[in-house]
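2 protein chains.
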Amino acid sequence: MGFSRISILGVGLLGGSIGLALHQRAKGARIIGYGHRRETLDRAMQLGAIDEAHDDPAGAVREADLVILCTPVGTFPELLRRMSPALARGAIVTDVGSTKRSVVELAEALLPPTVHFVGSHPMAGSEKRGVEVARADLFDNALCITSPTGQTDPDGLERVEQFWKQLGMRITRLSPMNHDRLLAQVSHLPHALAAALVAMQPSEALALAGKGFMDATRIAAGDAGLWRDIFLDNRDQLEQAVNQLRHQLDEFAALLDPARADDLTTWLAAAARKREQLAP
Amino acid sequence: MGFSRISILGVGLLGGSIGLALHQRAKGARIIGYGHRRETLDRAMQLGAIDEAHDDPAGAVREADLVILCTPVGTFPELLRRMSPALARGAIVTDVGSTKRSVVELAEALLPPTVHFVGSHPMAGSEKRGVEVARADLFDNALCITSPTGQTDPDGLERVEQFWKQLGMRITRLSPMNHDRLLAQVSHLPHALAAALVAMQPSEALALAGKGFMDATRIAAGDAGLWRDIFLDNRDQLEQAVNQLRHQLDEFAALLDPARADDLTTWLAAAARKREQLAP
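Protein sequence lines correspond, in order, to chains G and B.
Each step along the first sequence adds one to the number in the working numbering, with nothing skipped, and position 99 is 83.
Each step along the second sequence adds one to the number in the working numbering, with nothing skipped, and position 251 is 235.
Hints listed in this document are in silico derivations from the structure and should not be mistaken for laboratory results.
Because the structure is a prediction, the values reported are computed rather than measured.
C-beta atoms are modelled at their ideal positions from N, C-alpha and C, and glycine is treated no differently.
It is possible that part of the hints are untrue.
[Stated by the list, open to error] What the simulated footprint calls covered on chain G by chain B, stretch by stretch (three residues with Cβ under 8 Å from a Cβ of chain B suffice, anywhere in the stretch; the number is not a length):
(1) 83 to 89
(2) 166 to 177
(3) 205 to 212
(4) 253 to 263
[As the list claims (entries may be wrong)] These stretches of chain B come out as covered by chain G in the derived footprint (C-beta under 8 Å, 3 or more residues):
(5) 92 to 98
(6) 130 to 142
(7) 175 to 189
[Said to hold, decoys possible] If the Cβ cut is set under 10 Å, some of the chain G residues that face chain B in the computed set are:
(8) Glu92
(9) Gly109
(10) Phe215
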């Protein structure tokens, strides 16, 4: 694979799963973990996700040839500032953040010119969090979006994509802007909607919730701090996605008229067909 | 159980599953199926969901002591008219419709005074349809709402509730109005939202859809004709639920402001906690 010392900054669900997967698939590599809570680091060591634990980002990245930011995106500015002086010349830095414009801009501004940054978004996760739910197969067959810019080193990009492939992922390249626009539509808005759908229910309605409601709102149980960071970071695109949905709802509400029954059927059938064409 | 000849009008997923469950749990009873397509009836016979097949509702209900309407609610008026003359004195009629005000009103108006109608809504189903996906355990541990009115015969209500319990269901009683109001919020709106969420996505966004999007939109693949009937029948309550969601979205959009980060966290955390308290 070409990386021998890999630093994982943040050993929660994603960071922990990367460590577990590497121990299975990249036996030579040494995995270094950083976390700000001692218990999390201890647990990550016990579970075999990391080989070495640091509670200081600079110590964790020293001599690493690959550094992966796995903390919530809101913590990236401080993390990048603290680790930068300790980065080895030629090190490659990537991340697992759910937004890409601000992350890439920040990393390109704060990291020294002697290292290469490649933005990544491995689309794997769960509404659960923490190293306890980490799994070596979390990334199998999931999609990883890489977001190169004009400044991205082509060789670094290639190596980062190889890294995710080794963990079982498929790769799609998107500019940071396209990433954030499309993810606002297909990921951030659905999360906000699920939360709104739960928030509006009185308890007498929740008592009647069936499988459909459970499926539709499962993501609403996600970590509030993590999603706050994503939403605020991508708020311009998310606002646009919310407006697109408002237009769809207006269109739908206009179809709630017996005189337009055929149009309502057409609208519902088109959505059903579109959904059926995706995986279950 | 007390019913010896049970007519199932409409042998799709729900009707077929009732037949399969009865064959397991009410061995003495004879199960009569009505459908307007010969192939469906043949398939229901082959799968062991029914003992006898009719393509005429009157023939199917003759001498039955329990009749269950399992076709889409939009077909109920015609079905009730056609079967009414053939109903035995003292027969109990119930249904599996997803709306209750119009169904109960219609049944109480159209059925002869010699039979008892009890509105039911067994909350089991799937985005798939047809007798092919019917299962004897479809109702296990799911909720069935019965919707008695001032005209409902107490003994008939009791017997219908016992019937659903025998199929493994839990029972909740709600007035037709409360049923329709709460179901608009917790079932009909989520379905409309899932369809809107799918409808607004460009294909480049759908290509990035992950597990969260799949879960959130699974119900959008439901049958268009079935949901059109439900939506039009319950449109006043659904419009109110859409408006409640619009208010939630406005509230959410107002929180997309770094100055209100704490309020956004509070809003998300409240929704996450509320969702976590439900089953997974």
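Hint by hint, here is what the structure shows:
1. Taking a C-beta to C-beta cut-off of 8 Å, the region 83 to 89 of chain G contributes 0 residues in contact with chain B, too few for the three needed, and the coverage statement is violated.
2. Counting residues of the region 166 to 177 of chain G whose beta carbon lies closer than 8 Å to any beta carbon of chain B gives 10, which reaches the threshold of three, so the coverage claim holds.
3. Residue count for the region 205 to 212 of chain G with a Cβ under 8 Å from a Cβ of chain B: 7. That meets the three needed, and the coverage hint holds.
4. Coverage of a stretch by a chain is defined here by at least three residues with a beta carbon nearer than 8 Å to that chain's beta carbons; for the region 253 to 263 of chain G and chain B the count is 9, and the condition holds.
5. Requiring three or more residues with a Cβ within less than 8 Å of a Cβ of chain G, the coverage given for the region 92 to 98 of chain B is violated, as only 0 such residues are present.
6. Against chain G, the region 130 to 142 of chain B contributes 0 residues with a C-beta closer than 8 Å to a partner C-beta. That does not satisfy the three-residue criterion, and the hint is violated.
7. With 14 residues having a Cβ less than 8 Å from any Cβ of chain G, the region 175 to 189 of chain B passes the three-residue criterion, so the hint holds.
8. For Glu92 (chain G), the suggested interface contact is broken, since its CB lies about 22 Å from the closest CB of chain B, more than 10 Å.
9. Checking Gly109 (chain G) against chain B: minimum C-beta separation of about 8 Å stays under 10 Å; hint holds.
10. Checking Phe215 (chain G) against chain B: minimum C-beta separation of about 6 Å stays under 10 Å; hint holds.
Consistency note: the structure conflicts with the earlier hints numbered 1, 5, 6 and 8.
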